[in-house]
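**Q** Sequence:
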Amino acid sequence: MYGIEWEIGAPGKAYTKWAAKMAIGLNTGVPWIMCKQEDAPDPIIDTCNGFYCEGFTPNKNYKPKMWTEACTGWYTEFGGSVPYRPVEDLAYSVASTTEEQILAEQVVASLPLAKIMMLQLMNMAHVFKSESGPCAAFLSNYDPESSAKVTFENVQYDLPPWSVSILPDCKNVVFNTARVGLKGEALSLHTVSGSSSVEWVEGSLLAQKQPLTWYKTTFNAPEGNDPLALDMNSMGKGLIWINGENIGRHWPGYTAHGSCSSCSYAGIYNEKKCRSNCGEASQRWYHVPQSWLNPTGNLLVVFEEWGGDPTGITLLCRRNRGHQRPKQVPTVLCQPSSSSSFLLDSGSMHYSNTAIAVAIVAVTMPSPLQSMVGT
0 MYGIEWEIGA
10 PGKAYTKWAA
20 KMAIGLNTGV
30 PWIMCKQEDA
40 PDPIIDTCNG
50 FYCEGFTPNK
60 NYKPKMWTEA
70 CTGWYTEFGG
80 SVPYRPVEDL
90 AYSVASTTEE
100 QILAEQVVAS
110 LPLAKIMMLQ
120 LMNMAHVFKS
130 ESGPCAAFLS
140 NYDPESSAKV
150 TFENVQYDLP
160 PWSVSILPDC
170 KNVVFNTARV
180 GLKGEALSLH
190 TVSGSSSVEW
200 VEGSLLAQKQ
210 PLTWYKTTFN
220 APEGNDPLAL
230 DMNSMGKGLI
240 WINGENIGRH
250 WPGYTAHGSC
260 SSCSYAGIYN
270 EKKCRSNCGE
280 ASQRWYHVPQ
290 SWLNPTGNLL
300 VVFEEWGGDP
310 TGITLLCRRN
320 RGHQRPKQVP
330 TVLCQPSSSS
340 SFLLDSGSMH
350 YSNTAIAVAI
360 VAVTMPSPLQ
370 SMVGT
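If you count the sequence shown from 1, position 264 lands on 263 in numbering that gives the first Met the number 0, and the numbers rise without skipping.
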């Protein structure tokens, strides 16, 4: 439901009440909501829809505060210009709503001592602190035009206009809504020229399981025109580039849920009876076009958001091991055995006979793996 009485008046109000009664009568056992319906009858929960929801309160104090649509833009009109919303403003709105919701509903049980501090005109600190010591704070600058220097807990902080800084320990700023984006992206670290503009570390200093980390290495293309793919199963979530071309987003850290137990063919079948791939990534191999590769010195850059083990990344190819290529070669990669695992900083090549006519080949990448921690 979306503010129907605003469009048709009294008949809309009557319809709203009928719809609420009908929904409750279904006895589903779950809460019902009405989006942007200020007079939603009990027990229907009215919610906020819009660009800003930090000042929203439901029509009853025992109803939860919910934001059901954070508008990232607006509808286009035929023949009109295309509206868009700056990401800085969207981040500001989300942070402002989050801090006020925590303060209003005290959803952080471990931080019961919540307080508001006025730092100066148009600047505010929302502080959440427990008796045992942990502390978190939101520093806000509501001025749309001017930056602010504020002092909080005897430390000075710079707040850009119209922004919120988040301090999970009441000391260090981990995020400011006006400073969105990645510094590494701005420096074009995924390109040959950009990757040469910063200092990288390697060897024992290589960062593993570290979020927001860039990795790079170089490798020579394998011989032949066989299909190639990167095995990213050791990584979490992020993006991959080869020679500046975007291979795509990897996300093997998001694994399949469910229960995979032994399954008998006998008996009535249903969709939950036989399951496989539990705990495995929905995708671990990412196609690498041969046309994007040079014979030597190919640059592989990985931006890792969650954290992973980059030394487990493997470049694989499908090769026919017989004297004659079969008429039909499967277009998917065979799952490599443990013996085919290849580390980027290794200098060897491994083979795995996982099928009669097909071998998984791990291509040698002699260049040491390097990383840069940051944004």
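I should point out that these hints are in silico values taken from the structure, not numbers from a laboratory. Treat the hints with caution; some may be incorrect.
[What the hints assert, rightly or not] Taking CB as the label site, the calculated pair distances span: (1) K59 x Q209: 39 to 47 Å; (2) D168 x T295: 45 to 53 Å; (3) W73 x I7: 21 to 29 Å; (4) T27 x S195: 54 to 62 Å; (5) E37 x V197: 48 to 56 Å; (6) E68 x V197: 34 to 42 Å; (7) I7 x Y74: 30 to 38 Å; (8) P210 x Q282: 15 to 23 Å; (9) D157 x A22: 48 to 56 Å; (10) Q289 x S258: 35 to 43 Å; (11) S80 x G278: 43 to 51 Å; (12) P40 x S263: 27 to 35 Å; (13) D142 x I7: 52 to 60 Å; (14) R274 x P210: 42 to 50 Å.
[What the hints assert, rightly or not] Straight-line distance between alpha carbons at most 20 Å, and here's what the computed SDA-like set of lysine to any residue pairs gives: (15) K128 x K170; (16) K59 x D38; (17) K59 x F77; (18) K62 x K128.
All residues carry an ideal CB built from backbone N, CA and C; glycine is no exception.
**Q** State, for the Cβ atoms of E68 and V197, whether the hinted interval 34 to 42 Å holds or is violated.
**A** With a Cβ separation near 39 Å, E68 and V197 satisfy 34 to 42 Å, so the hint holds.
**Q** Run the distance test for K128 versus K170: straight-line Cα separation, threshold 20 Å.
**A** Roughly 12 Å separates the two Cα atoms, so the pair holds.
**Q** Does K128 sit within 20 Å of K62, going by the straight-line distance between their CA atoms?
**A** 25 Å, violated
**Q** Is the distance from the Cβ of P40 to the Cβ of S263 consistent with 27 to 35 Å?
**A** With a Cβ separation near 51 Å, P40 and S263 fall outside 27 to 35 Å, so the hint is violated.
**Q** Can the suggested window of 42 to 50 Å be confirmed for the beta-carbon pair R274 and P210?
**A** Distance hint for R274, P210 is violated at roughly 31 Å.
**Q** So the hint says 48 to 56 Å: do the beta-carbon atoms of E37 and V197 match that?
**A** Given a distance of about 52 Å, which is inside 48 to 56 Å, the answer is holds.
**Q** Mind checking the hinted window 35 to 43 Å against the Cβ distance between Q289 and S258?
**A** 40 Å, holds
**Q** Take a look at whether the Cβ-Cβ distance between D168 and T295 falls inside 45 to 53 Å.
**A** 47 Å, holds
**Q** That 15 to 23 Å hint for P210 and Q282 (C-beta), does it hold up?
**A** 21 Å, holds
**Q** With 39 to 47 Å as the target window, see if K59 and Q209 comply at their CB atoms.
**A** For K59 and Q209 the Cβ distance comes to about 46 Å; the hint holds.
**Q** Given the proposed pairing of K59 with D38, does the C-alpha separation stay at or below 20 Å?
**A** Distance ~10 Å between K59 and D38 Cα, so the pair holds.
**Q** Evaluate the given range 30 to 38 Å for the C-beta pair formed by I7 and Y74.
**A** With a Cβ separation near 20 Å, I7 and Y74 fall outside 30 to 38 Å, so the hint is violated.
In this structure, the hints that do not hold are numbers 7, 12, 13, 14, 17, 18, in rising order.
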